[in-house]
Each structure stands twice: as structure tokens, then as C-alpha cells.
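Trainee: According to the UniProt record's numbering, the sequence shown is numbered sequentially starting from 1.
Certain hints may be false.
Simulated restraints, written as ranges between beta carbons of each label pair [what the hints assert, rightly or not]: (1) Arg89 - Asn54: 38 to 44 Å; (2) Arg42 - Ile83: 56 to 62 Å; (3) Glu79 - Lys49: 54 to 60 Å; (4) Leu87 - Leu44: 57 to 63 Å; (5) Glu61 - His88: 38 to 44 Å; (6) Val53 - Ile84: 27 to 33 Å; (7) Glu46 - Ile69: 48 to 54 Å; (8) Glu79 - Glu48: 30 to 36 Å; (9) Gln41 - Ile77: 43 to 49 Å.
Read the hints as simulated data drawn from the structure, not as lab findings. Being a predicted model, the structure only gives us computed values, none of them experimental. In this text, a Cβ means the ideal position worked out from N, Cα and C, and glycines have one as well.
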Amino acid sequence: MSKAQAQTSSGKSYNRAHGRYKRGHDNNTDGDDGVSSSRYQRTLTEEEKNDFVNYQKEMDERRDRYERIVKLSRDVIIECKRIIFQLHRTVTVNTSEDKGLIGFNFIEKL
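Take the sequences, apply the hints, and build the full model.
Mentor: This is the structure:
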């Protein structure tokens with residue numbers, strides 16, 4: 001039995017490493033001068049280029065809007081923490097005069 005027959009009859013492939021299969025269509029030219037091969041890039045029309053540019057602008061705008069929202073939400077969280085800290089501080093003050101003064105200063109900050 002020849003080596004080729006041994007490969008097909010036993011089901012083992014000696015030229016393939018670790019069970020990964022070589023894609024046959026990458027090297028297949030089918031007599032079309034290689035035009036159908038995946039090695040060649042397809043050129044884009046002006047309309048397709050404009051579509052990509054418009055999509056890029058749209059995605060950039062969405063990303064900018066998302067970043068602004070995240071920044072504003074962080075600012076809101078920081079202000080909420082400041083308000084909560086100020087409220088806790090007014091609870092620990094013993095005299096009503098000090099509470100009123102701290103509350104007045106707190107309202108001015110808002």
C-alpha cells in the first residue's frame with residue numbers, strides 16, 4: 001500500500017498539524033487568473049467610502065455622547081456624596097444654632 005492510500009484508508013492526515021485543517025480555497029485559482037482568490041482586495045466605490053465615513057462620524061458622535069453622559073453621572077454621584085456628607089454632619093451637631101448655620105451654608109452651596 002502506498003503512503004497516499006495509507007492516509008486515506010486510515011483516516012489520518014500526516015501533513016496537517018494538531019487537527020487544524022488547511023483552507024483549500026486560499027490556494028485555489030480555478031483558472032480565473034486568481035480574481036476569485038481571497039488574497040486580492042476588493043476596491044471600494046466612492047459611495048461605499050462615503051457610507052463608511054458617515055458611519056464613522058455617527059459612531060464618534062455616539063461615543064462622545066456616551067462619554068458626556070458618564071461624566072455627568074459621575075458629577076451627580078460626587079454631588080450626592082457631598083450632600084449626604086453634609087446631612088450627616090448636621091445630624092452630629094448638638095446645638096440648633098450651629099445646625100441652622102450649617103444648613104444655611106449648605107443651601108448656599110447648592
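Trainee: Indicate, hint by hint, whether the structure satisfies it.
Mentor: Structure-based check of all given hints:
As the Cβ distance of Arg89 to Asn54 is approximately 53 Å, the hint placing it in 38 to 44 Å is violated. Between Arg42 and Ile83 the beta carbons are some 58 Å apart, a value that agrees with the proposed interval 56 to 62 Å. With their beta carbons about 45 Å apart, Glu79 and Lys49 fall outside the hinted range of 54 to 60 Å. The given range of 57 to 63 Å is respected by Leu87 and Leu44, whose C-beta atoms sit roughly 60 Å from each other.
Checked against the given bound of 38 to 44 Å, the beta carbons of Glu61 and His88, roughly 41 Å apart, stay inside it. Taken as a hint, the range 27 to 33 Å is violated for the pair Val53 and Ile84, whose Cβ atoms sit roughly 47 Å apart. For Glu46 paired with Ile69, a C-beta distance near 35 Å fails the hint of 48 to 54 Å. Between Glu79 and Glu48 the beta carbons are some 47 Å apart, a value that contradicts the proposed interval 30 to 36 Å.
At about 48 Å, the beta-carbon gap between Gln41 and Ile77 stays in the expected band of 43 to 49 Å.
In summary, the structure is inconsistent with hints 1, 3, 6, 7 and 8 from the numbered list given earlier, while agreeing with the others.
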